[in-house]
Amino acid sequence: MTNPRSSNLPSSVLVIGGCGFLGRHIVSQLLEPSTSKVSVLDLRTTNNRLPGASYYDADITSPEAVRAVFEEVRPQIIIHTASPTAMQDNASAAQKKGAKALYYKVNVGGTRTLIVQAGLVGCVKAFVFTSSASAVHDGHSDLINADERWPVLRAPKQKDAYSESKGVAEELVLAANRKYGDMLTIALRPAGIFGEGDMQLIPNLLLAYEKGQTRFQLGENENLFDFTYVGNVAYAHILAAVALMDTHALTTQPLDHEKVDGQAFFVTNAQPLYFWDFTRMVWKAAGDKTTPEQVWTIEKGLGLLFATIIEWLFWFAGGRTPNLTRQKVQFSCMTRFYCVDKAKKLLGYGPKWEMEEAILRTVKWFQERDAKDGVEKKVQ
Amino acid sequence: MVKATDVLYYAVHAGELRDIIQWQTWHQPVHERKPEQEAPSLAICFEFLDQTSRSFSAVIQELHPELLVPIALFYLILRGLDTIEDDMTISLDEKTPLLREFHNYTEKEGWNYHGCDRKEKDRELLVQFQNVTEEFRKVKPAYREIIKDITLKMGNGMADFCHNAEHDDNCVNTIKDYDLYCYYVAGLVGNGLTRLFVESGLANPVLLERPQLQESMGLFLQKTNIIRDIKEDTDEKRRFWPKEIWSKYVDKFEDLCKPENREAALNCSSEMVLNSLSHADQCLFYLAGLKEQSVFNFAAIPQSMAIATLELVFRNPKVFEKNVKITKGEACRIMMQSTQNLKLVCEVFRGFTRKIHKKNTPRDPNFLKISIACGKIEQFIETIYPSQDPKSIMQEPAAPIDPTSKEGKDKAAAAEAKSDLVFMLIAIFGTLFSISCLMLGIAYAFGARFDVAFSELTQGKLSKPTDAGAAQSIIHKYDHGEL
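Protein sequence lines correspond, in order, to chains L and V.
In this text, residue positions in the first sequence follow the numbering used here: the first is 1, and each later residue adds one.
In this text, residue positions in the second sequence follow the numbering used here: the first is 381, and each later residue adds one.
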């Protein structure tokens, strides 16, 4: 991959959470032109290490640990993409409560620590934060062609703890723009990330395929949904860093409508898809041969009714979470897509990987990994 | 002439029959032609218009008086050019100069052409072309220049394609060739019409700066017709589907219509549909620039028909067997919806887009791309007519609503209406209940035996005893039991 604008990147970039799903892709893309020095800060740096980058173990909720790494690396750009994984919906109530505290500690507390330390270390010119498109979404209503004018939601409207913590953190980051000397900040809000190394979306779909659940469909499949390939999200982060550095090099402040610093941007594949078409394409890539005539469509209301009954039965039988939940029904029947014109116009963003190619390479990656795991298990 | 099959069809599809009746009863043209003030040669031109164009004649005749005659003649001139191009009996040596010089003949007094094959259906138009040239010379010079310019460009483009077709079976090889061909025969028309609309002051001049939008208007129609006409064109040895596309699915172009290749041919037509669909959003964008109602109708009706046709041909094996057409009922419904405003036209587009999406199948190699193309049209419609407004989301639900504001009043009125409904229902059922009680009470007071009636009913005896004696004996049975 060649990146025409990354030649503008200066010598030192630090990726916080660079061993995570998205972080690894950002590090990989930063290393491709290999003009910049790439460092990674993560809680544990044993996974997803790439040759050419330096790795530092540190907890972002600890100011001392963060300061020590910042002092040593002295980065000009920080890309902060660290976050606990958003909760799986089969978590128990106790897990959910624990997760909420963790989100606040890491996403809000950790982000605050990073901003303050980045501001104090003095060499940071650009701070790029990975927010989430769900910050403007309450988790169940339709969201139609939303752009950056939509408000970031707080409780009680925002019912999802992960999304709320991301929204609060984003506000902290954007408020810090030009507050610490000339450090500039920006926030990106990706929607429905999938790709190689994905822990949620694709593995869940492949699991459903293996279980033979491809003949079911919840809802009429008229709901458009944004899914974003991780490589495109990583690319947007690099463009954001470049845009901040370009702004930093200006002698005067840019005009309001050209401003990128202190701004949030939605990032998607710019190809909203009918929810079940994405699902079926993933299954097709995995080898599924189900035809539309074989699919049993369960209407949304009926699906909700089933899910409610099953949830109660499971609760009665001992508190486990069933496969079919109301949340899953809501999720697969709701419309949720965004307009990314702002990122296109101001960051020069456009997806580098088309949806089809992205799905094919992702599924291939999972199949190859599983095949390798299978061989290793047999050897053992 | 009404066909028996039509009668049967509409007997079953009453909804469509209703659409036809409604259209014919209620549709009022924005403008009407005034035949009594027309010169004889112009009347002949309009007769030709009726004969040569099934779909365009009606919309052209309702155009604003300023553009009525120029556009009618524009249509006839291009029709004449097209007839010469289509006629395979004219030698290339004769055809090429005819096509390249046609723009000059349009103003030449008494010009006509007798060289067309007798079987050519529009031959007569060229034989009596002097009527067109006579009327054309009366048209305003500004309009005449535009029409001549387009005729020149189209004639040259057609001549180039005919030249290539003579030397190579596949004159439409690449998708680029296909786009170029469609540009010559249709994209140019979009360009010419836009210039006429703007020149007459009936459209937004900004449209002139967007050549891509103008061309999309023509390309969307032309490409859709090329997909629909595959059977007819193959039979007559014409080929417009680009080799770059069909060669992915079949070895020889003729194989497309063979029954054993149906699945491959369907997948191929899907890619053609996908190619056409990519112009749809730009057509809607273009329509937003038209101000005058008759011009809007003139431009919007064919576009709505095209998206409906695209839905009809999508994954439809019948296109390889015969000429498929949208039914007259559906056509009337589409015309009703396309002669009002852009919002309704967008609804027509959204409706057919979703129908295409519903027919899409993962088996199709173009499955995801078609899904994305449909999503793109839906998203575009959302950008011009958003169904969500961030301002309304931002309003806190807890914020007290000022009862004197319009919104407050609306809400209060809605709440009042709701409570009114509840009270009304209570009143109705309450009245019924009290009357029933009253009737039962009176019956009881006069000695009705509900206990007897109830027991007899539960035993399944619904009819009343035949005479008074029988009734008495039943009562007697209940009062004393079997002692």
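These aren't lab readings, by the way, just hints derived from the structure by calculation.
If you're wondering where the values come from, they're calculated on a predicted model, not measured in any experiment.
Note that the Cβ used here is the ideal one computed from N, Cα and C, for glycine as well.
Hints may be right or wrong, so weigh each one.
As the list claims (entries may be wrong) - Taking lysine-lysine pairs in the DSS-like style, the calculated list, with each CA pair at most 30 Å apart, reads:
#1 K556/V to K300/L
#2 K344/L to K632/V
#3 K735/V to K289/L
#4 K671/V to K632/V
#5 K352/L to K628/V
#6 K289/L to K638/V
#7 K289/L to K723/V
#8 K364/L to K698/V
#9 K289/L to K488/V
#10 K344/L to K520/V
#11 K756/V to K352/L
#12 K284/L to K632/V
#13 K528/V to K289/L
Stated by the list, open to error - Which chain V residues stay away from chain L? Per the calculated CB distances, all over 12 Å, these:
#14 N544
#15 L560
#16 G581
#17 E796
Is the straight-line distance between the alpha-carbon of K556/V and that of K300/L 30 Å or less? 44 Å, violated
Beyond 12 Å from every chain L Cβ: check whether that's true for L560/V. At roughly 25 Å from the nearest Cβ of chain L, L560/V sits farther out than 12 Å, so the non-interface label holds.
For the pair we were handed, K284/L and K632/V, check the Cα-Cα distance against 30 Å. Roughly 29 Å separates the two Cα atoms, so the pair holds.
Given the hint that K528/V pairs with K289/L, does the C-alpha gap stay at or below 30 Å? 56 Å, violated
Taking 30 Å as the top limit, are the C-alpha atoms of K364/L and K698/V close enough? 37 Å, violated
K289/L paired with K638/V [C-alpha distance capped at 30 Å]: 26 Å, holds
Taking 12 Å as the cut and beta carbons as the points, is N544/V off the interface with chain L? Given that every Cβ of chain L is farther than 12 Å from that of N544/V, nearest at about 33 Å, it holds.
Under the criterion that the straight-line Cα-Cα distance not exceed 30 Å, is the pair K671/V, K632/V satisfied? 47 Å, violated
Is the hinted pair K756/V and K352/L satisfied, with a Cα-Cα distance of at most 30 Å? 18 Å, holds
Hint consistency between K344/L and K632/V [alpha-carbon to alpha-carbon, up to 30 Å]: Answer violated: K344/L to K632/V is near 43 Å, above 30 Å.
Check whether the Cα positions of K352/L and K628/V lie no farther apart than 30 Å. 25 Å, holds
K344/L and K520/V: Cα distance at most 30 Å? Outside the cut-off at roughly 45 Å; violated.
Checked against the numbered hints above, the structure violates hints 1, 2, 4, 7, 8, 9, 10, 13; every other hint is satisfied.
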